[in-house]
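In the order they appear, the protein sequences are chains A and B. Yeah, the first sequence ends on 501 if you go by this note's numbering, and it's all consecutive. Yeah, the second sequence ends on 580 if you go by this note's numbering, and it's all consecutive.
FYI, nobody ran anything at the bench for these hints, they're computed from the structure. Note that the structure is a prediction, hence the values are computed from the model and not measured. For every residue, glycine included, the Cβ atom is placed at its ideal position computed from N, Cα and C. Wrong hints could be hidden among the right ones.
Said to hold, decoys possible - Computed footprint of chain B on chain A, listed as stretches where at least three residues anywhere in the stretch have a Cβ under 8 Å from a Cβ of chain B:
no.	region
1	225-232
2	280-286
What the hints assert, rightly or not - List of simulated lysine-lysine pairs, DSS-like, C-alpha gap at most 27 Å:
no.	chain 1	residue 1	chain 2	residue 2
3	B	K147	B	K211
4	B	K477	A	K159
5	B	K147	B	K118
6	B	K211	B	K194
7	A	K312	A	K204
8	A	K204	A	K159
9	A	K258	A	K356
10	A	K312	A	K278
11	A	K278	B	K211
12	A	K219	B	K477
13	A	K278	B	K194
14	B	K194	B	K118
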Amino acid sequence: MSANLQPMIAVSDLVVSYGNYVAVKGISFDVRQGEHITLLGPSGCGKTTTLRSIAGLERPTRGSILLDGKPVFSADQRINVPVEKRGISMVFQSYAIWPHMTVFDNVAYGLRVRGLPQKEIEAKASQALDLVQLRHAADRPASKLSGGQQQRVALGRAIAFSPSIILFDEPLSNLDAKLRASMRIELKELQHRLGISSVYVTHDQEEALAISDRVIVMNDGKIEQIGTPDEIYSRPTNGFVADFVGSANILPGTIVGPASHHELTVFQLNTGERLNTRASTNSSGAATTVAVRTALIDIRRGFGHRDDRNALEGQVLRRLFHGDFVEYFVNCQGHRVTVRRPPTDIISEGEEVTLLFSPEHAVLLER
Amino acid sequence: MQNLAPPASLWRPSGATKIELLASATVALVCVGLIVYPLFFLLAESINVGDPQTFPPKDIGIDNFIDLSLDLTVLLNTAYVAIAATAMAIAAGFVLAWMLTRTNVPGKALLERLLEIPFYLTPLVGALAWSILAAPKSGFLNQLLVTVVGVSDLLDIYTPFGIAWVMALFEGTVAFVMISAVMKSMDPSLEESSRVTGAGKLRTLFKITLPLVLPGLLGAIVFVFAEMLGSFAAALVLGLPGRFFVVTTAIWQYTLSYPPEYGKASALGLALFGVMFATLSFYRWMVRRGTFATISGKAFQPRSIDMGRARYGLAAICWLYVFVAVILPIAALLLTSCLRFATVIVDQMSFTLQNYETALTLDAVRSALTNSLELGIGVATVGVFVMAVLVWIIYRSRLPGRGAVEYVVMFPQSVPRMVFGLALLTAWLNIPIPLYGTLWVLAIAYFTVLMPLGVRTLSGVVLQIDKSLEECAQVCGATWAYRMRTITVPLLRPGLVAAWLLIFIASVREIGVSIYLMGPNSKVIAPAIVSSWSSAGTELTAAMAMIQTAAVLLAVLLLLSLTAKYFKGA
Chain A
135 MSANLQPMIA VSDLVVSYGN YVAVKGISFD VRQGEHITLL GPSGCGKTTT LRSIAGLERP
195 TRGSILLDGK PVFSADQRIN VPVEKRGISM VFQSYAIWPH MTVFDNVAYG LRVRGLPQKE
255 IEAKASQALD LVQLRHAADR PASKLSGGQQ QRVALGRAIA FSPSIILFDE PLSNLDAKLR
315 ASMRIELKEL QHRLGISSVY VTHDQEEALA ISDRVIVMND GKIEQIGTPD EIYSRPTNGF
375 VADFVGSANI LPGTIVGPAS HHELTVFQLN TGERLNTRAS TNSSGAATTV AVRTALIDIR
435 RGFGHRDDRN ALEGQVLRRL FHGDFVEYFV NCQGHRVTVR RPPTDIISEG EEVTLLFSPE
495 HAVLLER
Chain B
11 MQNLAPPASL WRPSGATKIE LLASATVALV CVGLIVYPLF FLLAESINVG DPQTFPPKDI
71 GIDNFIDLSL DLTVLLNTAY VAIAATAMAI AAGFVLAWML TRTNVPGKAL LERLLEIPFY
131 LTPLVGALAW SILAAPKSGF LNQLLVTVVG VSDLLDIYTP FGIAWVMALF EGTVAFVMIS
191 AVMKSMDPSL EESSRVTGAG KLRTLFKITL PLVLPGLLGA IVFVFAEMLG SFAAALVLGL
251 PGRFFVVTTA IWQYTLSYPP EYGKASALGL ALFGVMFATL SFYRWMVRRG TFATISGKAF
311 QPRSIDMGRA RYGLAAICWL YVFVAVILPI AALLLTSCLR FATVIVDQMS FTLQNYETAL
371 TLDAVRSALT NSLELGIGVA TVGVFVMAVL VWIIYRSRLP GRGAVEYVVM FPQSVPRMVF
431 GLALLTAWLN IPIPLYGTLW VLAIAYFTVL MPLGVRTLSG VVLQIDKSLE ECAQVCGATW
491 AYRMRTITVP LLRPGLVAAW LLIFIASVRE IGVSIYLMGP NSKVIAPAIV SSWSSAGTEL
551 TAAMAMIQTA AVLLAVLLLL SLTAKYFKGA
């Protein structure tokens, strides 16, 4: 086996507890070479604790963490390598910019710690400053920068000493929406160029989907699903993921059995309508739910539209105009279904409509 | 081949080495011992009904406490002075705080600084200054009143009201600071939303503003009352000549009598401590209960009410207060210290620098001055480092029992300073190490009673520094020593210097503990001023007070310029 199949980070059975409170309840995952992975979840789900455990800033209770094949933490072998010896890099939520230093000193810190010759320090720090477009501000005191600039300094400092792993702890959460969007693109660019493996923590699902190779959805100290952004979005395995990532309608009902068309399962809503869903289970008779993304439902005026897609008939209760999209709340026999459409051919409140969505987009959930 | 078993030294239990844990535990234990040990002696002495000089006591009883309850005059005196002083301090503090936080009085920043000065002047210096100003007949103000208006003896500072007046002016500053903080931490949108819902200015004031400020205001009243109960210097200077005793001066009198009645003094001290502790516990309970209202930890930009022309009138009131509490006392002391004979009648004045020359050359006075400065510098320098370790233990370590350490370290602030002095006296008299009568015992005592001040100041700074600033350096690969040198100490430096200056100031102006512990060869300035006041002339005493005040104010100025720079940088 070649060396680059070995994961850069291997977390297994990680448990972190504080007294009686268990923040992380036995999770395992790998980060491959050059891969960008995101831990996504609501606040208090244990994602930051996991990240800090990898950095060495928290001491886990059980499990092990391997960096590039070498154990940095192992409860069984009683290993806990101190933070400063792990050779990783991290961008903090608060940026952690040292206010008593200049921008250059901040960025050069990791290089000076490593005792590099002055020439090399200047070269590498300047290179990092170029990458984050702050060359011009090198001699400014770091405390006199704007939020976006501080964010860049933090990033420059994290990449300056050429680490092979960078950890990001909600680095964009303190920026305003516009700046956040442009920093996302920059981050993705930077990652592409440097080929660094990274773990990124965020509670912003849009951000997670946009910049990751794979997303790990966490809830209550456990992993709910691991997958590519596309997998997480279009094939959520459970209600939590479907609800937390993107926006979805979750409709309760029971599984009837396999459909005549191969690879599909018939699902009956509590109100009687039958839907064709993509099968991921064979257990007929089981009560479960189906998730349908609000953006993947077509809406037509009037009743009686029929094609090979699923159809639900109802009446538009409310309409919210968001600009980039229009949100309709449709009452289908008591189910309140949310639909997002582009802002063209707007339907009025009170109109009767048919909702159409393909079996491919009706995802049967595990629970 | 790779050796999978790592070296055992990489394993660090809860992030600290055993040596670090041991060292911090030792520091914590020593500091706790310094506080608990004297208090134990105070308790033991208070139940000693036999020979007051023997220790441990042979005859034990509660007679000392029974004697106290019969001495009603002292208790009534204390109640009168404390209540009157609290009322004056709170009234002045509330009005000043409201004007300086909620109205557009001109010159706010300067006034706010000036209003803190009386606290640094100390009640002792304040009492001296006001007795120069308002002693019957000879007081400057009385002299002026006789010559200008023709009324004689209008003012007499040697009265219970006079004592309360001086205490309110020079110890009541804390009321202004506390009430200002409450008013500053109130979200203006709470009032604005009341106005928007249709309530008028008056209705908003009574229904929203006052209920929100009330818990904080009550807290300030209780806290200031506790301070006044333990106040010593003003009653000593102004009450003793007329044999008017409050609890603190009564304790002092018991220890002066021959043979010293340590038992009675200790019992009275313990009783005072009990009342003060109960009051302060009540205060803390109230603060905890009242947090719903205003304290969000955020500082708001309070909405200033435009007072129009009236704001110059308000400014005049503020300046009047500054005149009475700062300018007048300092001017009186300065004038007296430069005269052969204290007077305000211009053609009788005869200026001289003789008093300063005497103060700086007379052996007793000079040694008191140098001792105080040495103690201030020494205690501040050593203290800052030990207290920094304590702060680290309490707020950043995972040492078991750090909560208890915090409680004990903060404990001296609920013990009246001069009761603690008495406790230290009995404790250090009865220890086989011959420390009593040396500067060392004073140094240890200062360190003990100033621990709350230092720890509070340093913790404020430590808690302000985001933990991630240190963590980030760690992630960058910096070792503990490298981190300390490049990140932690530089960030802490302003706080360390501020704490140093505050401890220095508090040491130089210390009286409650010093008065018990200084010996013939270890005199310090504040008690020396007291004894000079009763034995030598007013003019020499004024010169000594001016020298002490100059040293303190110099340190205050340094502190202010430092904090100004610090806040501009942050």
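Hints and how they fare:
Only when three residues or more bring their CB closer than 8 Å to a CB of chain B does the claim for the region 225-232 of chain A stand; here the count is 5, and the claim holds. Given a C-beta distance limit of less than 8 Å, the hint that chain B covers the region 280-286 of chain A is violated, as 0 residues qualify and 3 are needed. For the given pair, B:K147 sits about 49 Å from B:K211 by alpha-carbon distance, which is inconsistent with the 27 Å threshold. Distance hint between B:K477 and A:K159 is fulfilled; the C-alpha atoms sit about 25 Å from each other, no more than 27 Å.
Between the alpha carbons of B:K147 and B:K118 the distance comes to roughly 38 Å, so the proposed pair goes past 27 Å and is violated. The straight-line distance between the Cα atoms of B:K211 and B:K194 is roughly 19 Å, inside the 27 Å bound, and the hint therefore holds. Distance restraint check for A:K312 and A:K204: the Cα-Cα separation of roughly 40 Å exceeds the 27 Å cut-off, and the hinted pair is therefore not satisfied. Taking the CA atoms of A:K204 and A:K159, the gap is about 23 Å. The hint holds against a cut of 27 Å.
For the proposed pair A:K258 and A:K356, the alpha carbon gap of about 40 Å is over 27 Å, so the pair is violated. Under the criterion of a C-alpha separation no larger than 27 Å, the hint pairing A:K312 with A:K278 is consistent with the structure, at around 21 Å. Proposed proximity of A:K278 and B:K211 is contradicted: the alpha carbons are some 40 Å apart, above 27 Å. Distance restraint check for A:K219 and B:K477: the Cα-Cα separation of roughly 19 Å lies within the 27 Å cut-off, and the hinted pair is therefore satisfied.
About 26 Å separates the Cα atoms of A:K278 and B:K194, which keeps this hinted pair within 27 Å; it holds. For the given pair, B:K194 sits about 14 Å from B:K118 by alpha-carbon distance, which is consistent with the 27 Å threshold.
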